[in-house]
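Participant: Full structure from sequences and hints, please.
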Amino acid sequence: MTDMLYAARSRSLQDWGGEVGLTKHLYKVGLGVGTAKDIEQSLSAAQCAGRSDWSVIKCVEAEGFDEADALTRLAAKETLIDPRYYPQIKGERGIVKVKPANVENHFLVQNALAGEHQKAVRVIPLTIAAYLLRAAAG
Numbered sequence: 001m002t003d004m005l006y007a008a009r010s011r012s013l014q015d016w017g018g019e020v021g022l023t024k025h026l027y028k029v030g031l032g033v034g035t036a037k038d039i040e041q042s043l044s045a046a047q048c049a050g051r052s053d054w055s056v057i058k059c060v061e062a063e064g065f066d067e068a069d070a071l072t073r074l075a076a077k078e079t080l081i082d083p084r085y086y087p088q089i090k091g092e093r094g095i096v097k098v099k100p101a102n103v104e105n106h107f108l109v110q111n112a113l114a115g116e117h118q119k120a121v122r123v124i125p126l127t128i129a130a131y132l133l134r135a136a137a138g
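One point on numbering: in the numbering used here, the residue at position 62 of the sequence shown is 62, and numbering is uninterrupted.
Among the hints, erroneous ones may be present.
[Claimed, not checked] Below, a list of computed lysine-lysine pairs in the DSSO-like style, where the Cα atoms sit at most 27 angstroms apart:
#: 1; residue 1: K77; residue 2: K99
#: 2; residue 1: K77; residue 2: K90
#: 3; residue 1: K90; residue 2: K119
#: 4; residue 1: K24; residue 2: K97
#: 5; residue 1: K58; residue 2: K77
#: 6; residue 1: K119; residue 2: K37
#: 7; residue 1: K97; residue 2: K77
#: 8; residue 1: K37; residue 2: K97
#: 9; residue 1: K90; residue 2: K24
#: 10; residue 1: K58; residue 2: K24
#: 11; residue 1: K119; residue 2: K99
By construction, these hints were calculated from the structure, which means they are not laboratory data.
Facilitator: Laid out in structure tokens, this is it:
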């Protein structure tokens, strides 16, 4: 089986983030083995960040890098949540605080550079996952 770079979300983690004033746009980025369904089951079974309702939004093959490299690249674009400050996430690394404006700007610039017509970008979990995976993969 190959390593997969994935972006996942937990509805209860996002609700918690909104309640404590962090943000409701919290996602988990990491490396897993197997299909999206396998990764989803392993995250939920392991109670990743104290949650069992994980759903993998998107995953791509990891080509020549490990999770630490991916998180370092991602930290240059978005804020990684420090698990020491939030005991609620049970020491889990790879939880990302996403600014929807950054996602929208990324796709607007990408479309402009490609010479495509400027159109509004809908910031939905799938576009956020695509943005996170592209930033993490480099």
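Participant: Of the hints stated earlier, which fail here?
Facilitator: 3, 6
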